[in-house]
Amino acid sequence: MKASRRGEAPPQERPPPPGRAGAVVLAIAVHAIFFALIVFGVTWQSRQESPLVAELWSKLPSAPAKPPEAAPAPPEPVKPPPQPEKPPEPVKPPPEPPKEVEPPKPDPEIARKAEREKKEQEKREQLQREKERKEKAEREKKEQEAKKKREEEAKKKREDEARRQEEERVQKEIQEARAAAASQRQAEIDEWMNKIRTRIRGKANIPDTVVGHPTVQVSIRILPTGEVLDVTVTKASGNPTYDAAIERAIRSASPLPVPRPDSELFPVFRNPTLNITHDR
-8 MKASRRGEAP PQERPPPPGR AGAVVLAIAV HAIFFALIVF GVTWQSRQES PLVAELWSKL
52 PSAPAKPPEA APAPPEPVKP PPQPEKPPEP VKPPPEPPKE VEPPKPDPEI ARKAEREKKE
112 QEKREQLQRE KERKEKAERE KKEQEAKKKR EEEAKKKRED EARRQEEERV QKEIQEARAA
172 AASQRQAEID EWMNKIRTRI RGKANIPDTV VGHPTVQVSI RILPTGEVLD VTVTKASGNP
232 TYDAAIERAI RSASPLPVPR PDSELFPVFR NPTLNITHDR
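In terms of my numbering, the sequence shown opens at residue -8 and continues consecutively.
Keep in mind the hints are simulated off the structure, nothing from the lab. Quick reminder that beta carbons are idealized off the backbone N, C-alpha and C, glycines included. Among the clues, some could well be false.
[To be verified] List time: in silico PhoX-like cross-link candidates among lysine-lysine, alpha-carbon distance up to 25 Å: (1) 148 with 138; (2) 133 with 146; (3) 127 with 139; (4) 122 with 138; (5) 147 with 163; (6) 125 with 138; (7) 148 with 163.
[To be verified] Cβ-Cβ distance ranges computed for the label pairs, FRET-style: (8) 189 with 251: 18 to 28 Å; (9) 251 with 193: 21 to 31 Å; (10) 133 with 157: 33 to 43 Å; (11) 229 with 189: 18 to 28 Å; (12) 121 with 148: 39 to 49 Å; (13) 189 with 155: 44 to 54 Å; (14) 248 with 147: 52 to 62 Å; (15) 154 with 121: 41 to 51 Å; (16) 182 with 206: 19 to 29 Å; (17) 253 with 178: 13 to 23 Å; (18) 253 with 140: 54 to 64 Å; (19) 178 with 225: 22 to 32 Å; (20) 161 with 136: 31 to 41 Å.
Take the sequences, apply the hints, and build the full model.
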């Protein structure tokens, strides 16, 4: 080897690869086995066969019973020649550790873009949440207003029903009171009318020629003092004698019994119309 240059470090000798000596020994052993097999095969094929021996007979001997022929023995199997041993695989050197790759440096523009997109996404989500909150508040407000309206309508309906029932009750009471008052007033009027008829019949001088039950209708004009101002036959009974007798009886019965002039019944008796029937 040539001397290294001055100042340069001598090159390091490269170590022999691992497993080379074992491979050489294995190759020699395989060749020796092949050589032995070749020698053994040649010797076995050149072996001499044994000589044949024959006997001479003057007379053939009687043939003995022929024993059953034995089955020929199967030929011995020929042993295959031994296979050479597989040489061991060479040991692979351990893989070198992977080199650490320095990760690429992030692009600041990509990072800024990602940050902007993140902020925009958060803003959109915030706006969406705010929108949903407002919509929920509006729905709740509408539901509350609708509920309040329904309650007010139900309350108004109950009040209207109560008012209607009260009005019906009051009207019924008024009608009953009016009916009672009218009945009472009519009873009083009938009472006074019966008094007038009784007084007229007491003054009537009906001839015996009047038979049956004739009825005459008369209209009487009465002063507040009860005095008879005028008498008019509005509907004749069909018997002039009876009609004339009743007219004279009315004039002679004056003054007639009537309510006091300041009472509410007297206006009815200013000009009453009476039906007087003959009861004999």
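Hint by hint, here is what the structure shows:
1. At roughly 15 Å between alpha-carbon atoms, residue 148 and residue 138 fall within 25 Å of each other, so this suggested pair holds.
2. Restraint check: the Cα-Cα separation between residue 133 and residue 146 comes to about 20 Å, which is no more than 25 Å; the hinted pair holds.
3. Only pairs whose Cα atoms come within 25 Å are accepted, and residue 127 paired with residue 139 is accepted, the gap being roughly 18 Å.
4. Note on residue 122 and residue 138: the hinted pairing holds, with a Cα-Cα distance of about 24 Å set against a maximum of 25 Å.
5. For a cut-off of 25 Å, the pair hint linking residue 147 to residue 163 stands: about 24 Å separates their Cα positions.
6. A C-alpha spacing of about 20 Å is found between residue 125 and residue 138, which places the hinted pair at or below 25 Å, so the restraint holds.
7. Restraint check for residue 148 and residue 163: the C-alpha separation of about 22 Å stays at or below 25 Å, so the hint holds.
8. Roughly 19 Å separates the CB atoms of residue 189 and residue 251, a value that falls within the hinted 18 to 28 Å.
9. Taking the beta carbon of each, residue 251 and residue 193 are about 22 Å apart, inside 21 to 31 Å as hinted.
10. Between residue 133 and residue 157 the C-beta distance comes to about 36 Å, which sits within the given range of 33 to 43 Å.
11. Restraint check, residue 229 to residue 189: a C-beta distance of roughly 24 Å satisfies the suggested window 18 to 28 Å.
12. Judged by the Cβ atoms, the range 39 to 49 Å given for residue 121 and residue 148 holds: they are separated by roughly 40 Å.
13. Checked against the given bound of 44 to 54 Å, the beta carbons of residue 189 and residue 155, roughly 49 Å apart, stay inside it.
14. The hinted window of 52 to 62 Å between residue 248 and residue 147 holds, with their beta carbons roughly 58 Å apart.
15. Range check, residue 154 to residue 121: Cβ separation about 48 Å, and the 41 to 51 Å hint holds.
16. For residue 182 and residue 206, the hinted distance range of 19 to 29 Å is satisfied, since their beta carbons lie about 21 Å from each other.
17. Distance hint check: the CB atoms of residue 253 and residue 178 are about 20 Å apart, consistent with the given range 13 to 23 Å.
18. For the pair residue 253 and residue 140, the beta carbons lie near 59 Å from each other, so the given range of 54 to 64 Å is met.
19. Between residue 178 and residue 225 the CB atoms are about 25 Å apart, so this pair conforms to the stated range of 22 to 32 Å.
20. Under the hint 31 to 41 Å, the C-beta atoms of residue 161 and residue 136, about 36 Å apart, fit the expected range.
In summary, this structure violates none of the numbered hints.
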